[in-house]
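Protein chains in written order, with our numbering: chain U, 411 to 673; chain C, 7 to 852.
Please keep in mind that the hints were generated in silico from the structure rather than gathered at the bench.
Do not rely on the hints blindly, as some may be mistaken.
Straight-line C-alpha distance at most 20 Å; calculated SDA-like pairs for lysine to any residue [what the hints assert, rightly or not]:
1) C:Lys414 x C:Ala450
2) U:Lys544 x C:Arg483
3) U:Lys664 x U:Lys544
4) U:Lys544 x C:Val475
5) U:Lys544 x C:Ala476
If you want a taste of the chain U side facing chain C, the calculated C-beta under 8 Å gives, among others [unchecked claim]:
6) Val525
7) Leu536
8) Leu660
None of these values were measured; they are calculated from a predicted model.
Every residue gets a Cβ at the ideal spot worked out from N, C-alpha and C, and that includes glycine.
Spelled out from the first residue to the last, the chains are:
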Amino acid sequence: MTITREPTTAEIDALTDGDAVARAEHLSKVYGTGDAKVVALDDVTVEFGRGRLTAIMGPSGSGKSTLMHCMAALDAPTSGRVEIDGIDIDGLKDKTLTLLRRDRLGFVFQAYNLVPTLTARENITLPVDIAGSKLDVEWFDTVVDTLGIRDRLSHRPDELSGGQQQRVACARALIRRPAIVFADEPTGNLDTRAGVEILAFLRSSVDDFGQSIVMVTHDPTAAAYADRVLFLVDGHIVDEILQPTTTSVLDRMKRFELDGQDS
Amino acid sequence: MWHVTLRGLQGHVVRLLLTAVAVMLGVSFVTGTFVLRDSIDNTLGSLVGQASKGLDVSVRSVGTGEVSPVSVNGTSTVRPGVPLALVETIAAVPGVARVVPNLQGTAILAGSDGIAVRTGGAPSLGFAFTEDDPSFTLVSGRGPTGPGEIAVETDTLERAHLQVGDSTQAVIGDQAREVTITGEVRFGALFGATAVLVDSATARRVFAPDGMVDALVVTAEPGVSHVELRAAVATALPANLEAVTGATAQSEVETSMQQGLQFFTTFLLAFAGVALFVGSFIIVNTFSMLVGQRARELALLRAIGATRAQVIRSVLGEAVLIGLVGSALGIAFGLLIAAGAKAAIGSFLNTNLGSGLPVHATTVVLSVLVGVVVTVVAAVLPARRASRVAPVAAMRGDVGTLAGGVGKRGLIGLALLVSGALVLGTAVTRNEVSWLMAGLGAVAAVLGMLIGAPLATRPVVRLIAWPFVALFGTVGRLARENALRVPRRTATTASALMIGLALISGTAVLAESVKASVSSAVTDELTSDFVLNGGNTAPVPAPVADAARELPAVRSVAAVSFVNVQIGTLDTNVAVVTAADLADNFAIPMAHGQLSALGRHTVVVSETLADDRGWHVGDTVSGTVGSLTGEPLVVGGIYRDIQAFGSMLVDHSLYAAATPTSQQVDAQLFVRAVPGADLPALRAELTHIVQPYLIVSVQDGAEFADAAGASIDMLINLLYVLLLFSVIVAILGIINTLALSVFERTREIGLLRAIGLRRQQLSSMITIEAVTTAVFGAVLGIVLGLGLGIALQHGLTSQGLSTLAIPWTLILGMLVASGVVGVLAAGLPAVRATRLNILAAIVGSG
Chain U
411 MTITREPTTA EIDALTDGDA VARAEHLSKV YGTGDAKVVA LDDVTVEFGR GRLTAIMGPS
471 GSGKSTLMHC MAALDAPTSG RVEIDGIDID GLKDKTLTLL RRDRLGFVFQ AYNLVPTLTA
531 RENITLPVDI AGSKLDVEWF DTVVDTLGIR DRLSHRPDEL SGGQQQRVAC ARALIRRPAI
591 VFADEPTGNL DTRAGVEILA FLRSSVDDFG QSIVMVTHDP TAAAYADRVL FLVDGHIVDE
651 ILQPTTTSVL DRMKRFELDG QDS
Chain C
7 MWHVTLRGLQ GHVVRLLLTA VAVMLGVSFV TGTFVLRDSI DNTLGSLVGQ ASKGLDVSVR
67 SVGTGEVSPV SVNGTSTVRP GVPLALVETI AAVPGVARVV PNLQGTAILA GSDGIAVRTG
127 GAPSLGFAFT EDDPSFTLVS GRGPTGPGEI AVETDTLERA HLQVGDSTQA VIGDQAREVT
187 ITGEVRFGAL FGATAVLVDS ATARRVFAPD GMVDALVVTA EPGVSHVELR AAVATALPAN
247 LEAVTGATAQ SEVETSMQQG LQFFTTFLLA FAGVALFVGS FIIVNTFSML VGQRARELAL
307 LRAIGATRAQ VIRSVLGEAV LIGLVGSALG IAFGLLIAAG AKAAIGSFLN TNLGSGLPVH
367 ATTVVLSVLV GVVVTVVAAV LPARRASRVA PVAAMRGDVG TLAGGVGKRG LIGLALLVSG
427 ALVLGTAVTR NEVSWLMAGL GAVAAVLGML IGAPLATRPV VRLIAWPFVA LFGTVGRLAR
487 ENALRVPRRT ATTASALMIG LALISGTAVL AESVKASVSS AVTDELTSDF VLNGGNTAPV
547 PAPVADAARE LPAVRSVAAV SFVNVQIGTL DTNVAVVTAA DLADNFAIPM AHGQLSALGR
607 HTVVVSETLA DDRGWHVGDT VSGTVGSLTG EPLVVGGIYR DIQAFGSMLV DHSLYAAATP
667 TSQQVDAQLF VRAVPGADLP ALRAELTHIV QPYLIVSVQD GAEFADAAGA SIDMLINLLY
727 VLLLFSVIVA ILGIINTLAL SVFERTREIG LLRAIGLRRQ QLSSMITIEA VTTAVFGAVL
787 GIVLGLGLGI ALQHGLTSQG LSTLAIPWTL ILGMLVASGV VGVLAAGLPA VRATRLNILA
847 AIVGSG
């Protein structure tokens, strides 16, 4: 599935000024002090639209992962404000943050990160189990069938291919219908075909289930699945594309690389 | 490669320190034991040296027994005495300055509270006071001059809370009397014994009523050598007496004391061995896991050209360093233990053991050697496994832990366990127990259990974890799966605890069975109404039996003494009785012959002994009884095995002939009342009789059994304390394994936290894993311990251990305690895990 049509004005409005599922205001993240000081994020203000797939792109060290980690309550910003699903996470205790992650966020990692001792089914239901809540069986079936992993449910991670493991990870991220799913290079470890399957699923979960997703990637093809691409360089958001295509993303990337060489 | 070793150590300092601590605990036991032994040796040496002042030549009877044993249970053979009349003869020998008969016996002193001064198991000694005796010094007051006067040793006086000039009760030999303390004397360390001195005339009357003493102490005139004096004295002696130099006598005493100490040393070293053995499991586990975690690094080393031997050397190098560090810590800690034990023994025995902890070079060398060798041997297998990492593994990203299967090895273990158990079972159920076979069977069973434990991990851990899974759901299930992830590792961790608990439960089965056997012996065999006991170290004074027999309500009094009997390989202390009194107080079922056949030359023996030796009623055997050698003994009867008495009973007339009069004592009196007697009144009368004798107690059957149980309990408690060391080592092992496993699972834990596992849930998960592992070890240990304990009890049935008792409360307690151990062990690793930076954990080593 590729996006070829031009966005309408209404769609653009909805993406930028409409309902935001998460937002950051004047977000800065500084590592180290003195000579070793590294500014990973420099006064970033950004909103992520509800029911949208937003991609964050940028060269290594641009701060794209830091931005995502701060937005996902995995890392604390040096200054600035983060709001997730209407909740200001500034000053929240670890326990509250843990519950926030458990109840409102989903994660997909590059390295799958499944629990090796649990079966695929147990891995998927893990967030429900540790929350002690009841599994929505209908939703579980929908997700599992959409991902096509029903026949792999009783297998352990080491008996699954990379693509299958990542699909299990996707199912796990979605099982509690989180407000927002953070995907960190979800196709980074996969071959092209498996990668396309994962991206297609992420896209359809936005389109069909209204899921909000934020995805960090450096792959232009992956970014092309998004509704909107943010470009990060040296801790600043330097540009964005709405309804991107592989070509438009590639073009923009080349320009940044040239800029990088000039400066 | 050496710097690679050092780097390896630097990278895991905490983990390796924990391992070194395991080595340390084992080594500290070794060091502590040796230092304590050397320290006590020094004190003993000075004691014997002090006591032997003025002893230039000793005159004694020819024989092999110890000189002057003050013994209730006839622990060894005795020498016949030396007549006091010989003193004048020897005094006339040229070169003799002084001859002093060695007058000594039992003397019990009542403290200011009227209760006998406690000796903690040591004897209460009485000596003759001689003005110029160089073996002690008069500190204050004067020596005793009449039957109502005594001098008391300094420590004894202090413990009695008495002073020179005070009056108190004392039992000198057989005589209870009111005495006044006229002086204070000082000896060397007495190891808890009390010492009272009486005037020579009283001493002769009380300690040498038959005019015989065990030895004469001869002092030389100035300028006369001991050797010359010995030769001169020897010419004046009849054939049945001999003269030896003071040095010889002194070294004999020291040797015999050291032999006593040898047992103590061996005993402590056995616990050091257990602690080290348990510690070696931790070392194996730590190295296996470290090697597993460093597999990629090791593969890289191999890829760039390191040989297998180099990899092995690198791992073993780490082991040597840890062994050295552990041993050094162990020596330091061992000194602490020795100092503590010395202070404890000193205060328990109320004696000053002197200061200073002698550290001989051999102690240090041995401690270091033991520590390093154990560590290196334990690291050999992991090192070999490390060397088998394929160089290509460095190129692949998927090098995980080197978890081995459990299949073949587990089955070998199971086979060993089953065959060991069968051999052990056969050995102890045979008519004549084969202890060699039983020992081999037991060793095979223990090894089998150790090797086969991984096979048991899956089913047993699942069972143990079941309630946790039911209670904690996913957290419980995650914990269970973690424990099952590497079965061999879990099994090794659990094995450390298993060893300690197997020893504890096995010992407990034996102890409980002994108590039950004593109790059933009292119920089934004792027909007495009361037992009069002098405690373990002092006899019941002879007048007590006479007075008790006078009471109208008393039907009979059976006085039991003990004497050493040696026939061929049999060497045992047997009970001395008179047939009629015994039959009245004990139910003794005869298989052949009559109990009443007992006499001066006739003994009765147990069925087991008779079967074993092929003896029949009427047979004559020859043996040593007390001081009689080559004594013909007729088997007059054979009784069915009983618990109250061992394999033989001898008559009092034989005892009288075989033991010097001064050493003939009643160990216990059994009193049977006339039918229909008023028992409480009789008890009051008996209590009145024994009251002046300070330490003699009146017990009915139940109290007698309880008292026996209490003394067993005390011994068992000491064992538990020592075994606790191995349990502590095992706890360290669980901590170590968990810490390493948490480290291994950093990413996974990070992920669980990221998707919402609360800190408390994570901490529960690690705790459940630890508890499951610990309880698993406890279950294996209890099964093993029960098996060995029951087998041992079965084998000892004929020795009087006929009742099997299983200490269920203790076993339940151990299971609960092992759970607590798990919770404690989980503490540190859980804290570490909950403090993991989630982000760093996930992103970490991508």
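Hint check results:
1. C:Lys414 x C:Ala450: Holds - the C-alpha atoms of C:Ala450 and C:Lys414 are around 17 Å apart, at most 20 Å.
2. U:Lys544 x C:Arg483: holds, 17 Å
3. U:Lys664 x U:Lys544: Violated, at about 49 Å.
4. U:Lys544 x C:Val475: Status holds; Cα separation ~17 Å.
5. U:Lys544 x C:Ala476: holds, 16 Å
6. Val525: holds, 6 Å
7. Leu536: holds, 7 Å
8. Leu660: This hint is violated: U:Leu660 lies away from chain C, its Cβ roughly 26 Å from the closest one there, beyond 8 Å.
Comparing the model with each earlier hint shows violations of hints 3 and 8; every other hint is respected.
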